[in-house]
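J.: Taken in order, these protein sequences are the chains called A and B.
Residues 5 to 476 in the numbering used here are what the first sequence spells out, letter by letter.
Residues 5 to 476 in the numbering used here are what the second sequence spells out, letter by letter.
Derived by calculation from the structure, the hints in this document are not laboratory data.
Careful: at least some of the hints might be erroneous.
Said to hold, decoys possible - Okay, the calculated bits of chain A under chain B, using three or more residues with CB under 8 Å as the criterion:
no. : region
1   : 13 to 23
2   : 60 to 69
3   : 73 to 84
4   : 107 to 117
5   : 244 to 258
6   : 344 to 354
7   : 444 to 454
Unchecked claim - Derived CB-CB ranges, DEER-like:
no. : chain 1 : residue 1 : chain 2 : residue 2 : range
8   : A       : G23       : B       : M311      : 50 to 60 Å
9   : B       : Q408      : A       : G136      : 44 to 54 Å
10  : B       : R103      : A       : N363      : 49 to 59 Å
Beta carbons are placed, not taken as given, at the ideal position from N, Cα and C, and that holds for glycine.
Number of protein chains: 2
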Amino acid sequence: MAFATIDKKILQELEKLVGEKNILVRKEDMAAYSHDEFSSEDIAHFPDVVVKPESAEQVSCILKLANEYTLPVTPRGGGTGLCGGCVPVHGGIVLSMERMNKVIEVDAENLMAVTQAGVTLHDFYKAIHACGLFFPPHPGDEGAHIGGVIANNAGGARAVKYGVVRNFVHGLEVVLPDGDIVHLGGKLMKSSTGYSLLHLMVGSEGTLGIITQATISLLPPPAVMYTLVIPFDSLSKAISTVPDILRNKIIPMAVEFLESKTISITEALLHKTWPCHEGEAHLMLILDGSNEDEVMALAEQVQEIAMARGALDVLIASEKSKQQTILDIRSHIYEAMRAYMLEILDITVPRASIADFVNAVHRIEEEYQIWLPTYGHAADGNVHTHIMKAHFEKGEWKENPGWQRKYPQVRKALHDMGKKYSGLVSGEHGVGFVKKEYLDTFLEQKQIALMKEIKKAFDPRSILNPGKIFPS
Amino acid sequence: MAFATIDKKILQELEKLVGEKNILVRKEDMAAYSHDEFSSEDIAHFPDVVVKPESAEQVSCILKLANEYTLPVTPRGGGTGLCGGCVPVHGGIVLSMERMNKVIEVDAENLMAVTQAGVTLHDFYKAIHACGLFFPPHPGDEGAHIGGVIANNAGGARAVKYGVVRNFVHGLEVVLPDGDIVHLGGKLMKSSTGYSLLHLMVGSEGTLGIITQATISLLPPPAVMYTLVIPFDSLSKAISTVPDILRNKIIPMAVEFLESKTISITEALLHKTWPCHEGEAHLMLILDGSNEDEVMALAEQVQEIAMARGALDVLIASEKSKQQTILDIRSHIYEAMRAYMLEILDITVPRASIADFVNAVHRIEEEYQIWLPTYGHAADGNVHTHIMKAHFEKGEWKENPGWQRKYPQVRKALHDMGKKYSGLVSGEHGVGFVKKEYLDTFLEQKQIALMKEIKKAFDPRSILNPGKIFPS
């Protein structure tokens, strides 16, 4: 790719478009825009300029300019991604959506919200809850922007019963690389009107267009939600309980599996206490329903199944604050482990294969003698294995000897194992920069070729988020 | 488009591929393949040959041949479509999927079914139910094939709570126009691995590839289902009750609105009895839940809301057979009306706009003096208006004078009204042949241009289902 250089003249044009104070060019100001939350800063790249538009029209003008001069444009939401998706690996323009942060409308009649792309999940939940409504997905870090969450088709813990973000996106305003603005879908529950450009845009990681606004369906909140924590003396016992729960026709909102050690580390970071410290591994379930009796009956069924599978105990949290603590700790494990982490993986496998897959992960852990704490979404098959450069023992971090050498080997072994279990490289984080080398392990060449053709149709000059998704 | 003619040599090659008995060339044998269930036979076109492959490999060989010679290929499922999507308007090959009719696997551990594309909905439900599982969508005619249902992103009545067919498709085997076979997704609940070719394929109406196999997620069946029938003295009273139900945080599985007159006509066809004959218009709701108490409590809440809105009565069917009768009558209205119908429309609008939109439909009915019986999916915004050439009065059909002249005017007025209410031309039937002239009323030119680019990337010789979706 032959991109042009951003010179004074271009900077002046950008300034004219968004105003001087919405342009950053000094290195110290741009540092925060050079990386995402991926564990290693090695992948950081500085842009030449950070531009902060406030409207789709401004985004359109910026893209027109970039397209004319062939300048790379890397869109950036909350910067909470985990695979370098918003890192400007070719420099150029970082298009930060932070000023497009208004929830435009919560439409209770249609059970739809219309929001700008730069609204954080935190602010979105707040606006929705204020209207007595509910957006089921909870993709971890609430600093994520709605636009980023859609561009990566995020999932999170609460996707088992209600599905991933894709299921809730009904309309999108998108600025295309040539500056044209399109309005896909709307406040519509059903559509069979031509190819779904909307669903193509979901999960396209900012490479086909810039999402500036979204129409998202909502639900009435469940009347009752309980969170269960169930300790087991081994991870495989914990995970193998899950198919039994599903087979008994119980579909929880969330089913997570976690290792005790990672919970302790996170408790220390947050100064919060997990409800139970028994056992090596825990299941965390969220059950919902229309009344206390119904949810308690479900909880009791889960208890019975879990005890039959060797659970050490079953703790039921019905108070909101206790449930929030549990969700907080679960959501911050990554942060707690990050300092000693090489990478968090995001392999997705069929849900019935999780126990076998995680056992295989532990065989790789044994073989390479490198700590691979693994947690994830037990009922939807999305497994987060952490490749660690250190392990935690008796309250201290100790370096895993030889991690530099082992890292690429372990990484490959884990992904090969994901492939063996009919999985894909990413369940919810996206491919971004970090995982693109694995795309052709998981997808047929023909699929990648078709994706590249689509990319070419949308973005013939390859200005949008270059260097992402595709291996070459 | 310059398509080649199918000559003896090509017929012989096709015969070699699938065997003589799986090829039809005689006019009388091909008549059934010249149309779908669209009301007018005017749109019928004969193919030159009907080919019935039994495997993806055979489909691949047929497409390779067609691509080499530039022959039009029109895929055909159950032929139950309502907009000519499977009509071979350019002649050539009709690729009938009828022999690919095996449900390959119902995987209870993963809550997934793997099925060939030519399985009918009826057989699919049967296989699923036999394993104690549940596939929520019910797109009307159970003679539809799974492949067609996916290719059109069908919806049906039971989409309010559980969503449309798209939400349940997790894996597809697709044969591309050049004969390459790709395997999209899998038994995976989550995926963010490159552009979603899977979701692009859903709703592409057989123009991008031939779906030969699908992996579909299932749910445990609801423990209890009740069907409610609620008569009102006007359609607008009936419809305006629906937002109240949703606002009270009740999400039924289905909410349909119907006019009494169309119900009577259908009762006569099926020799079955609808549970109530009061009032001009009815709501039909399906409520589900985990036990009798819960569903009864919901039913009572609905009753209270409906009575406050002027309902004449509320009938609750809890027996399976009674509920089946109601669903049967609802599913056969189209068939009952068809002989005197010009067209069934499939406009989708925001659900809160249904009452206003249907009122507008009735103003058009008044203005043009042409009967426009309208029913549809009240809680998901999908409205089926029928443009009739006759009306039913005192047990007899009477021709609407001047329908020939009025038809195109009324059709345009209705679609313009759909546009005014921020709708789209199709909620679940697809665009096909019949509705393509309205695509650019509803979609921006740029969207259509991008869709055409995608078409070109997948099918550079335009052999697959030519003459569909796009106005030109």
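J.: Any of the earlier hints contradicted here, and which numbers?
T.: Numbers 1, 2, 3, 10, in rising order.
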